[in-house]
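Novice: Sequence:
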Amino acid sequence: MSAKDQSLDAFLSDLASSLPSPGGGGAAALCGALAAGLASMVVALSIGKKQCAGHEAELSGLGIRAEAARQELLALIDADAEAFAPLSRAYSLPKDTPDRAEILESCLRQAASAPKKIADACCAVIELAEGCAACGSRLVLSDAATAAALAGGALRGAVINVKVNTALMRDREYAESLSAELEEKEREYAVRADAVCNAVAAALGF
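Counting from 1, one number per residue, gives the positions in the sequence shown under our numbering.
If you're looking for bench data, these hints aren't it; they were derived computationally from the structure. Take the hints with a grain of salt, since some may be wrong.
What the hints assert, rightly or not - Simulated crosslink set (SDA-like; lysine to any residue; CA at most 25 Å straight-line): (1) Lys-4 x Asp-78; (2) Lys-163 x Glu-102; (3) Lys-50 x Ala-202; (4) Lys-49 x Cys-197.
All values derive from a computational prediction rather than experimental measurement.
Input sequences plus hints: build the corresponding full structure.
Specialist: Laid out in structure tokens, this is it:
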């Protein structure tokens with residue numbers, strides 16, 4: 001069953017079970033989707049407020065992007081499970097299977113593809129949280145900060161789920177290039193997510 005069609009309780013039960021998926025990538029995607037949902041909420045509760053009157057167009061744009069990010073990250077929960085499934089099967093191949101190494105390499109690339117997309121989407125959500133914190137209503141600034149914190153954690157989890165695959169790849173040039181790209185993004189966006197939380201704390205006086 002698609003993650004979108006499951007109840008939260010059913011998804012968490014699967015996550016807590018011995019099933020191979022959902023796993024860390026799917027959990028990161030869910031956290032990213034929650035963060036995007038919070039960004040949408042900030043927009044919905046800010047548009048029309050007197051203090052946000054000068055930011056209506058910006059807020060509207062943030063709302064559109066937040067909803068798109070939420071839907072993308074929900075879809076990536078299933079995409080991550082689907083990308084991992086061939087790798088799980090490949091590990092079960094007998095060691096003398098012809099082309100086993102090539103099959104594993106291809107499956108490792110595929111398994112890394114979904115968490116890479118999750119990481120990219122979480123970076124976009126951190127950008128949304130920045131915008132929400134800058135022009136959202138004071139009454140929901142804490143929700144913008146929570147969005148940044150969730151997206152920052154989800155980003156880190158997604159990067160780890162890419163690197164667990166790149167660490168096993170035989171094509172070291174490709175693996176190291178992909179890992180380096182994501183490490184750079186993680187460093188940049190971790191700082192940005194923390195900055196949102198710190199700015200909100202300062203604005204709220206604590």
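Novice: Are the hints correct? Go through all of them and say.
Specialist: Results for each hint:
1. This hinted pair checks out: Lys-4 and Asp-78 have alpha carbons roughly 9 Å apart, not beyond 25 Å.
2. Under the criterion of a C-alpha separation no larger than 25 Å, the hint pairing Lys-163 with Glu-102 is consistent with the structure, at around 19 Å.
3. Using a Cα cut-off of 25 Å, the hinted pair Lys-50 and Ala-202 holds, with the two alpha carbons roughly 22 Å apart.
4. For the hint pairing Lys-49 with Cys-197, the CA-to-CA distance comes to about 22 Å; that is within 25 Å, so the pair holds.
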